[in-house]
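*Asks:* Hey, can you work out the whole structure from these sequences and the hints?
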Amino acid sequence: ELKVEQNPLFLSMQEGKNYTIYCNYSTTSDRLYWYRQDPGKSLESLFVLLSNGAVKQEGRLMASLDTKARLSTLHITAAVHDLSATYFCAVDMMLVGGADGLTFGKGTHLIIQP
Amino acid sequence: EPEVTQTPSHQVTQMGQEVILRCVPISNHLYFYWYRQILGQKVEFLVSFYNNEISEKSEIFDDQFSVERPDGSNFTLKIRSTKLEDSAMYFCASRQLASADTQYFGPGTRLTVL
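Going down the list, the sequences are from chains A and B.
1359 is the number of the first residue of the first sequence in our numbering; add one for each residue after it.
220 is the number of the first residue of the second sequence in our numbering; add one for each residue after it.
Watch out, some of these pointers could steer you wrong.
As the list claims (entries may be wrong) - Chain B is faced by these chain A residues, among others (derived, beta-carbon under 10 Å):
1. 1369
2. 1371
3. 1377
4. 1380
5. 1391
6. 1402
7. 1405
8. 1410
9. 1412
10. 1464
By construction, these hints were calculated from the structure, which means they are not laboratory data.
Where a beta carbon is used, it is the ideal one built from N, C-alpha and C, also for glycine.
*Replies:* Below you can see the structure in the form of structure tokens.
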């Protein structure tokens, strides 16, 4: 059974600070996704990481994937209040056929305070 | 920009009743999914659908659940006899290509079973 673990599950930080969210998963996969969810809203795709060593950046967020360590990180640089949300990583089950469901971590609830 | 739509946004039902949740995936997408999220918890995969049949389903997706693509645009999730524990947000998602692309999520249907 594929397991996806995120830490921390809750993070309160000040604006302007840097921090990293970690996502570990239990099986070989080179397809990892990061989503953002605002309270009461749907999931918004942030990053798709499809190979070992993949790094993607969008604004103050940067995601990376190390398939050998089975680890992805989401780094926040100089946090601003608008980044307050819950962040989920999800791993593709990579089964035959391609219609793979995603296994999600529990999410990191991020609060950025002025 | 094309998006996944879902109806209704909120459904309240009595225990034991049947409910049908509706989704219109993005028009050129080939893979369709249902997920659920119990309040405050992680997103859980229910089922994937491709080429007019179920590709994969989770343990949650028991005989009480069924999916259908009744026409060229709609994708439905039916729960035959709802239980209190079925109360959750149900998300539909679609993907154009197998695994190399992100899954795009709809806004969700909040199901409340009384």
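*Asks:* With reference to the structure, classify each hint as holding or not holding.
*Replies:* Going down the list of hints, with the structure as the test:
no. : hint : verdict
1   : 1369 : violated, 16 Å
2   : 1371 : violated, 21 Å
3   : 1377 : violated, 21 Å
4   : 1380 : violated, 16 Å
5   : 1391 : holds, 6 Å
6   : 1402 : holds, 8 Å
7   : 1405 : holds, 9 Å
8   : 1410 : violated, 15 Å
9   : 1412 : violated, 12 Å
10  : 1464 : holds, 5 Å
The structure does not agree with the numbered hints 1, 2, 3, 4, 8, 9 stated previously, though it agrees with the rest.
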